[in-house]
Amino acid sequence: MRELQDTVKALFDKGEIDLFIGYEKGTRTPRPFFVHKAEDAENLIFDAACSGNLAVYLTRKDLTGGKKTGISASYYALKSIAQLFDENQLKAENLRIFGVSEEGSVQFFDSVAAIKQHLSATPPPAKPDEDELVGKINAMTASERWKFWSDELSKCFKCYACRAACPMCYCTKCIVEVNRPQWIQPWASTLSNMEWQINRVMHLAGRCSDCGSCGTACPLGIPVHLLTHKMSETVKEHFGVSETKENVLSTFKPDDKENFIH
Amino acid sequence: MIHNNCLQITDKGLKDWLAKIIAGGKQLYAPVREGDKTAFKWLDSVAEISMEHIQTTQSAKAVAFPRAEKLFSYQKEKGAVTLQDYNPDNLSETVIFGLHPCDAAGFRPLGSIFNWDTPDKPYNERRKRMTLITVSCTKSDEFCFCTSVNGGPGNTEGSDILLTPLKKDYLVEIITEKGQKLVEAYQSCFDTPPENSDKEACLAKVPVRFSPEEVSRKLSGMFESKVWETQSERCLGCGACAFVCPACACFDIQENSKGNSGDRLRCWDSCGFSLFTLHTSGHNPRSTQSQRWRQRLMHKFSYMPDRLSVIGCTGCGRCSRACPVDMNIAEHLADIG
Amino acid sequence: MTDYNIYLPYLVAIEKITEEAPGVKTFRLKFKNDEDARRFSFKAGQFAEYSVFGEGECTFCIASSPTRDGYVECTFREAGKVTSALAKLEEGETMGFRGPFGNTFPLDAWKGKNLLFIAGGIALPPMRCVIWNVLDTRENFKDVSILYGAKSVADLVYKDELKAWDERPDVKLVTTVDPGGETPDWKGAIGFVPSVLEKMNPSAENTIAIVCGPPVMIKFTFPVLDKLGFKPEQIYTTLENRMKCGVGKCGRCNVGKMYVCKDGPVFSRVALEALPAEY
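Protein chains in written order, with my numbering: chain W, 96 to 357; chain L, 847 to 1183; chain G, 7 to 285.
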């Protein structure tokens, strides 16, 4: 904690950053915290409970536009940041990215390559609750699964917290906001809620960091993050892990499998 | 005989009463536990009711203001159009059981908005078919602040009947004629009037966080304040706070068209969404999240008190519990007030 | 009173469509039901919600005068989802009309005064309503002057009516187009509305100025009016904001605590100056 606070103070003192995005103590769990000057760095915290994906703020021009920005990034936030770089959404010269090393000390990443190297050498944090629910859903028959998701998504009231919490949902005009034509009905109903989630998940195929923020954000407790999780697994299974900047849905290869077309 | 509009009911008597209400043809909407959350549901059986929660994930407002509601229907045939007006005849008499005083109180700001000069038929038709059996709060959490917005854990406002869990039984306060009817119809479920039941002693202790008058007075001069930018920095701009709020009434009007016929719908909307105020020209009077956060607080704590003589908040704390980034409204208001 | 559904539109037939300018049309609407027609009344300045069934509603001021009985007119530019659908409708087709909503121009208080109308582009329609109202009760007012500007000659709306106003001895009309927007036979002024106004040099004495136009026009016109000696209480305008319900419930049109749909759309400059910058 102290180490991060001192590091951030020093960055402000040296004029290397105008803004640092980290965590502070929240009502129950840590919450995002925007540091604008050295003395505010004292409120920064960074531990295993700091799990919300802060990378979501890096594409918000109203917050970070034109500012040299530092960020304390969880494992999954680092994954999102690497992906945002691959999608040309971030500028390296404006960013100072910090994570936590295996020994628990603050680790500075000076390049996307360094982030990617760290990610490949670090196992993702365990998610026992998710694994259990995924196991249950996988064991369901197709009709049981349909009922499970119909029941869950019938609750959705389209607050779009899942979208708002996702670092990869940075489109300035989301598909649900397009009204000519109206692709997805804008009001809440089981069918249109499914349409929304299917679209959300498809747009995240091969891009999702699997951080689970969409599910955590859902005020109704719908496990929408399992949809993106499943999609990530499916993509990995059929297309492997991309070594390049290319995304599974925005890239065409002549030898792509077509066995899903019937 | 009912003395001072107070009765007593046992846990078993309560279950019998609710079961008889269902058997009598009324729809019951009550809290049901699902995992670590509790939600209002339409119930056929009282066995599913759960009262362990501090707060349900959503308020009970959807009974009077559903997330999507048909305002009228239309048919087009060879250029001719016929309309079917909103039809309240199929709406059921509804009993909401187990809402807390902050939810019952929420129907006052909702009703004020929906009846501001022009009465809103869909809301009023649903509202008049509702009877509210509220349960006082014996526990609260750090998000509760009803006592800061003229409410309280045993507040009767908006309720038809208020039950307060005593050590053993429930104290039954009959607040309205509607409540009186619902008790009289099933009088055998109730016990003789209680003696020396200390309602206050059984209620949760909810600390006062701010004075609404002071907040309102300060807000009226704070439109240009920097505080909106500071407070809203972490806000993600979703609609979770508005949709779980018992007093948020903002809506959109949409068309559900199916070929030559369709419905005009009213559906929930939120001032937190960037599209909410966007003009077709591209101009947006509230183009940043800080302007939208300002609107949320101003509307509830300045504009509504000013224009409708009611605060647009009942202190239920749901917005703060639902917020993915802990935009704790009581904390923000306490900073202002 | 609660029996009445405020969201249920009147059915109206499109009696006449006039192409005003590229993408701009005027619809003359007649109530399908005689009882509706008899019951309906409105005053200059009010707005309404216009429905295309299957597409939705859109908001504009009523462009015809309450002195012209038996129909209402609206003029709109094809821009979004609903206006595009509206533009596809043909004469004789049925659409929806909900209104009137909002406040009105205080015509009674303007009796015995000179009136100066200043409009830009597609903002003439809300003013056309009050212009015809004034001209149909001409004896109540002193001098009537109209300054109307558009980007180009083609963009001027109500071309026939401009001609009619120009020919009237009791109206002073100045039309102008932005530099470069003129045609070889253009006889009006060339220049932006604020500078043409300055050249017109109208007297502020016993005069009310009604200003409607795009924000940039309003922004530069107010200082000119100041210079000409107009006080804030002599200046009126109409505001527009995104609206859905029209009756103060849906929550999107407020500017501070004032609702454009209930407290407006007509605002005096005194009222306008009390509003925060949120429109």
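Calculated from the structure, these hints are not laboratory results.
One or more hints might be untrue.
[Claimed, not checked] Heads up, simulated DSSO-like pairs for lysine-lysine below, C-alpha to C-alpha not over 27 Å straight-line:
#1 L/K1064 <-> G/K263
#2 G/K205 <-> G/K178
#3 L/K1072 <-> W/K156
#4 L/K1104 <-> W/K250
Hint by hint, here is what the structure shows:
| no. | hint | result |
| --- | --- | --- |
| 1 | L/K1064 <-> G/K263 | holds (15 Å) |
| 2 | G/K205 <-> G/K178 | holds (14 Å) |
| 3 | L/K1072 <-> W/K156 | holds (18 Å) |
| 4 | L/K1104 <-> W/K250 | holds (24 Å) |
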